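Enquirer: The primary structure of each chain is shown beneath.
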Amino acid sequence: MYSEDGLLPLSALQHLLFCPRQCALIHVERQWEENRFTAEGRVAHEKVHEAGSETRGGRRIVSGLPLRSLRLGLSGQADVVEFEADGAPFPVEHKRGRAKEEDWDRVQLCAQALCLEEMTGRTVERGALFYGKTRRREDVVFDADLRRRTEETAARLHELVESGRTPPPEPSGRCRNCSLASVCLPGARRSVEPYLRKAFDE
Amino acid sequence: MKHYLNTLYVTTQGAYLAKDGECVLVRVEGEDRLRLPIHGLGGIVCFGQVSCSPFLLGHCAENGVGVSFLTERGRFLARVQGPVSGNVLLRREQYRRADDPAASAAAARCLLTGKIANCRAVLLRTARDHEDKVNAGALRGAAERLADCGRRLDPGLPLDVLRGIEGEAGNAYFEVFDHLLTNQKEEFRFSVRSRRPPLDRINCLLSFLYALLAHDVRSALESVGLDPAVGFLHRDRPGRPGLALDLMEEFRPVLADRLALSLVNLGQVQARGFRVEENGAVRMDDDTRKAVLVAYQKRKQEEMRHPFLDEKAPLGLMPYLQALLFARWLRGDLDGYPPFLWR
Numbered sequence: 039m040y041s042e043d044g045l046l047p048l049s050a051l052q053h054l055l056f057c058p059r060q061c062a063l064i065h066v067e068r069q070w071e072e073n074r075f076t077a078e079g080r081v082a083h084e085k086v087h088e089a090g091s092e093t094r095g096g097r098r099i100v101s102g103l104p105l106r107s108l109r110l111g112l113s114g115q116a117d118v119v120e121f122e123a124d125g126a127p128f129p130v131e132h133k134r135g136r137a138k139e140e141d142w143d144r145v146q147l148c149a150q151a152l153c154l155e156e157m158t159g160r161t162v163e164r165g166a167l168f169y170g171k172t173r174r175r176e177d178v179v180f181d182a183d184l185r186r187r188t189e190e191t192a193a194r195l196h197e198l199v200e201s202g203r204t205p206p207p208e209p210s211g212r213c214r215n216c217s218l219a220s221v222c223l224p225g226a227r228r229s230v231e232p233y234l235r236k237a238f239d240e
Numbered sequence: 075m076k077h078y079l080n081t082l083y084v085t086t087q088g089a090y091l092a093k094d095g096e097c098v099l100v101r102v103e104g105e106d107r108l109r110l111p112i113h114g115l116g117g118i119v120c121f122g123q124v125s126c127s128p129f130l131l132g133h134c135a136e137n138g139v140g141v142s143f144l145t146e147r148g149r150f151l152a153r154v155q156g157p158v159s160g161n162v163l164l165r166r167e168q169y170r171r172a173d174d175p176a177a178s179a180a181a182a183r184c185l186l187t188g189k190i191a192n193c194r195a196v197l198l199r200t201a202r203d204h205e206d207k208v209n210a211g212a213l214r215g216a217a218e219r220l221a222d223c224g225r226r227l228d229p230g231l232p233l234d235v236l237r238g239i240e241g242e243a244g245n246a247y248f249e250v251f252d253h254l255l256t257n258q259k260e261e262f263r264f265s266v267r268s269r270r271p272p273l274d275r276i277n278c279l280l281s282f283l284y285a286l287l288a289h290d291v292r293s294a295l296e297s298v299g300l301d302p303a304v305g306f307l308h309r310d311r312p313g314r315p316g317l318a319l320d321l322m323e324e325f326r327p328v329l330a331d332r333l334a335l336s337l338v339n340l341g342q343v344q345a346r347g348f349r350v351e352e353n354g355a356v357r358m359d360d361d362t363r364k365a366v367l368v369a370y371q372k373r374k375q376e377e378m379r380h381p382f383l384d385e386k387a388p389l390g391l392m393p394y395l396q397a398l399l400f401a402r403w404l405r406g407d408l409d410g411y412p413p414f415l416w417r
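One line per chain: the protein sequences are A and B, in this order.
Residue numbers for the first sequence follow the working numbering, beginning at 39 and rising by one.
Residue numbers for the second sequence follow the working numbering, beginning at 75 and rising by one.
Chain A on its own, in the form it takes in the complex (with noise of 0.2 angstroms):
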């Protein structure tokens, strides 16, 4: 169990999945670099985030809702979640772009059911992912498999953090769409003493 001061974003599984380096510049070193990307995730999340809700069809839909979850040390927010007649939570996260390969998307909304759980004591079977670009909604099913590797990746977060150290750049396709690159140097190369003693040459 974690204190309320030892919980981590939510969004830093997506930053520790993509790639170390990156999680540990944002939630160690406090850099953060907008890119395109970025803030046009940002806006779309401004949106969504304003805090309210509705009922639909006896569905109640919240979005903008504070979670957290002491076991697992996250604490964030979710962008919508709509509650069944009967009470039961059902997650549903925005994305800017389009569905991936990767299960980073459904690491993070397994993250906010298993935050929902806690805070519910209900059991969230399922959630959605709504990709903005293909206007597509993805059914998430939280099944054993997904709810461990989300508890896995919580806990890699909280040993990176805790480490307080930066690990060394891999360099990698991803660097391109990388927003921190500028801050990460991925092709700075490590050895500087041939390059000052080239300083002096004509």
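Wrong hints could be hidden among the right ones.
[To be verified] To give an idea of the chain B side of the interface with chain A (calculated C-beta under 10 angstroms), a few residues:
| id | residue |
| --- | --- |
| 1 | R225 |
| 2 | G299 |
| 3 | G406 |
| 4 | D407 |
| 5 | L408 |
| 6 | Y411 |
Note that these hints are calculated values from the structure, not bench results.
These figures come from a predicted structure and were not determined experimentally.
Glycine residues also receive a C-beta, built at the ideal position from the N, C-alpha and C atoms.
Model the placement of chain B on the given structure of chain A, informed by the hints.
Expert: Structure of chain B alone, referenced to chain A:
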């Protein structure tokens, strides 16, 4: 690459800056003169009698836009910024290394490599470009002395030995500095560096440019989460931005000295734009100051290839990149600090 943001310099006396939505509004004598979106700004520098509304200051703090207040002549007065940003672990590492004599000397050696190499590059560039107009022999001779100093910067030397080499290099550079002038030589003669106050026109120009550079380097350090006050080459003194002064060393020749020289050599500033007081203190008039600011801004927009990162970026972004590389060295990503080497 990080976006290069402009700095807004306000020199009109009596100007009032206010927040107007997402814009900075500049008002003079009750009249709206300028509206600039805050998102395009990296900093605001106010000279003399310029005031800012608290709402604008708050908005700047929120957006990471540093606001500095300088006297009309460019002496630093105060700076307004938001909450201390960045990582406390990084700052602690900075303090630990600054407390460790061997680590401080290692940093100082890298910083001095940049300073001496860039001074030398300035001399060689002038000798090459103005072979017929300057005493190229004297410049090349001094450049050779600088190279000799630079090659003696061996790893493991203690700080006092490094400082000795720095002093020697500084003498060699300023001894021939006057030869870098190709125009208005009488009016802008340089003999020795004077600062408090500057006692000739060229020193007045240099001091003003160094103040602008100090603002930029300091902002760059703060934006990567370093403490500008804790230096390696410049040791702690209350009120002195030690690390900002350290990091400035490699930029002085490139961003300030060369600019001062070209302003004089191209006649963009004139002797009559300076006033010499009875006690010998020299100050610039408003028009000259404006001309210098415009030239400085323009210079910062010139694109250049960063020699270590091998990426193109505007010169104005280089202090930020160097601050980042300094942080990377502290974090252990790099085994030394690679200074910005201008060619």
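Enquirer: With reference to the structure, classify each hint as holding or not holding.
Expert: Now for the hints, and whether the structure bears them out:
1. At a threshold of 10 angstroms, the smallest CB-CB gap from R225 (chain B) to chain A is about 5 angstroms, leaving the interface hint in force.
2. A distance limit of 10 angstroms between C-beta atoms decides the matter here; for G299 (chain B) the minimum to chain A is near 7 angstroms, and the interface restraint holds.
3. Contact between G406 (chain B) and chain A, as hinted, is supported at the beta carbon level, the nearest pair being about 8 angstroms apart and thus within 10 angstroms.
4. Using the Cβ-Cβ criterion of 10 angstroms, the hint placing D407 (chain B) at the interface with chain A is satisfied: the shortest such distance is roughly 6 angstroms.
5. The beta carbon of L408 (chain B) comes within 6 angstroms of a beta carbon in chain A, closer than 10 angstroms, and the hint placing it at the interface holds.
6. For Y411 (chain B), the suggested interface contact is upheld, since its CB lies about 7 angstroms from the closest CB of chain A, less than 10 angstroms.
Taken one by one, the earlier hints all hold for this structure without exception.
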